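**Student:** Here are the chains, one letter per residue:
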Amino acid sequence: MNFDLNKKTLREVNQYLQNIDRKKNTRKFEILNPQGQHAICAGLKDDIDVTIKGHTGYYCAGMNQKANVTIHGNVGTGVAENMMSGKIIVKGNASQSAGATGHGGALIIEGDASSRCGISMKGIDIIVKGSVGHMSAFMAQKGNLVIMGDADADLGDSIYEAKIFVKGKVKSLGADCIEKKMDKKNIDELTKLFKKLNISADPKKFKRYGSSRNLYNFKIDNVGAY
Amino acid sequence: MCGIVGIYLKTKKYEKHLGKFLSGMLDGMATRGPDSAGFAIYTKENKNIFKYSICLNNLKETNFKKKLSKFIKKIKLTSYADHVVLETSEKPTKIIDLLKKEVPEVSLVGYGKSINIFKQTGNPKDVVKKFKLSSFSGTHGIGHTRMATESAITTQGSHPYSTSEDECLVHNGSLSNHNNVRRSLIKDGQNFNSENDTEVAAGYISNQISKGKGLETTLKNSLKDLDGFYTFIAGTKDGFALLRDEIACKPAVVAETKDYVAVASEFQAMAHLPNVNTAKIFEPKPGVVYHW
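In order, the protein sequence lines correspond to chains S and C. Numbering of the first sequence is given in this note's numbering, commencing with residue 1 and proceeding in unit increments. Numbering of the second sequence is given in this note's numbering, commencing with residue 1001 and proceeding in unit increments.
Some clues are possibly wrong.
Result set (DSBU-like, lysine-lysine): computed pairs, CA atoms no more than 30 Å apart in a straight line [stated by the list, open to error]:
1) S:K167 to C:K1285
2) S:K122 to C:K1285
3) S:K171 to C:K1220
4) S:K53 to C:K1258
5) C:K1285 to S:K207
6) C:K1125 to S:K53
7) S:K53 to C:K1280
8) C:K1132 to S:K7
9) S:K8 to C:K1125
10) S:K129 to C:K1258
11) S:K53 to C:K1013
12) S:K169 to C:K1224
13) C:K1258 to S:K91
14) C:K1285 to S:K7
Hints were generated in silico from the structure; no laboratory data involved. Model, not experiment: these values are computed from the prediction.
Only chain S is shown next, with the shape it has when bound in the complex:
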């Protein structure tokens, strides 16, 4: 089923996709002429496949549950923000705050992601085939951020328990983020993730980064400072 955003309003299209009639059994949808509009496919909650042909604006596929959304183009700020489950694939580049606060599911960006990718992520898996901008995984709490290219300055600043894997170069690490040992357990985890998401890459070529746990754990020695 096709929707042309030159002919239908975004609200009509989103409302249709958010309230799928299960009896009709249509599960595949295509959106044409997105023209950079904001919040396309936000709030989907059914197991459907949506293909968007073109560039989208802010918060594309935000708050997603169960749906698979593929964007043949670039996406604006906050793609898949706060998503719960499902899979979002971006064929082009993503703007800042991709996958922000995501709780679950997977976000795959085939191009580059700009600054603050995975900011405050809470369990989502984010795979970036290109590079990420500065302050990626800022305050990231849970989940995996896998970067096949390079990471710009201050990667993982103030990170909690999310894991970062980088294949390329890291310009600099943010406060309390350190390189960690890539042991067998981590390699197995990454192998499993790649298999699940159908990604061909060698987990052994990645370095792992995470929290040194000095910033978010209270130390009794510092009590005088409060």
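Position chain C against the provided structure of chain S, taking the given hints into account.
**Tutor:** Then chain C, alone, in the frame of chain S:
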């Protein structure tokens, strides 16, 4: 919020459509800035003639012409909504002084050999219609849609700000040290007409350029001297430059084809441009000066 746009034509193919393109871009950014809009269109330089873009405020054009004709012999005025463009061979020093003394009720929006610059309060969709922006041709142009934050919704508070010949600036963001910078620039002889932070940034750029620094060096220096959030597009008669501060909270996206380079706060402002779907689209990196 605020929206900024810019388009630079690499070839002559679309020169007649420049106004139409820029108009569509401002229209697309109306959601980011519904309070006022403004734009600068650059045309081919006329070596002997200066163009002065003047907002008449409440003065009638006939009265303005009458007042001016006492001092200037040949006057060519073209009217655009509540603005006029005065074309004359008289030098800026004379005209600026003359306007200040003899017709203080009008405001000079900008001047130069190439620039036409207009701004007005109201929704950008209406502003572009009032000035018939679609009918303009030119080589490059920049524009702004404003959501007022730190100073009032007035024509004087609208962008672009032009503080020197053929220079202008649009800005998305806010500067936190503009009062300090303004004070030191005033000491250095720079004039300001509003309380607006962007005018300070424009004045800063003009001041540095007047000291012989290039636009690129000037913008690089601004990373150190101007504190705040910003994406700037600075126009000159040859093209424009783009800079985002190093935190880069304020958005920008660039689309480049063989015929043009377009910059906007959001992609939706460029969705109407020809061949944009096959353009090279990228997000400018923080702290890097891009120049076309």
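**Student:** Are the hints correct? Go through all of them and say.
**Tutor:** Here is how each hint holds up against the structure:
1. S:K167 to C:K1285: 21 Å, holds
2. S:K122 to C:K1285: 27 Å, holds
3. S:K171 to C:K1220: Between S:K171 and C:K1220 the Cα gap is close to 21 Å, so the pair holds against 30 Å.
4. S:K53 to C:K1258: Measuring from Cα to Cα gives roughly 23 Å; hence the hint holds.
5. C:K1285 to S:K207: 25 Å, holds
6. C:K1125 to S:K53: 28 Å, holds
7. S:K53 to C:K1280: 16 Å, holds
8. C:K1132 to S:K7: Roughly 27 Å between the alpha carbons, so the hint for C:K1132 and S:K7 holds.
9. S:K8 to C:K1125: It holds: about 22 Å lies between the C-alpha atoms, which stays within 30 Å.
10. S:K129 to C:K1258: 27 Å, holds
11. S:K53 to C:K1013: It holds: about 28 Å lies between the C-alpha atoms, which stays within 30 Å.
12. S:K169 to C:K1224: Cα-Cα ~27 Å, so holds.
13. C:K1258 to S:K91: Given that 30 Å is the threshold and the Cα spacing comes to 23 Å, the pair holds.
14. C:K1285 to S:K7: At roughly 35 Å apart (the allowed maximum being 30 Å), S:K7 and C:K1285 break the hint.
Comparing the model with each earlier hint shows a violation of hint 14 alone; every other hint is respected.
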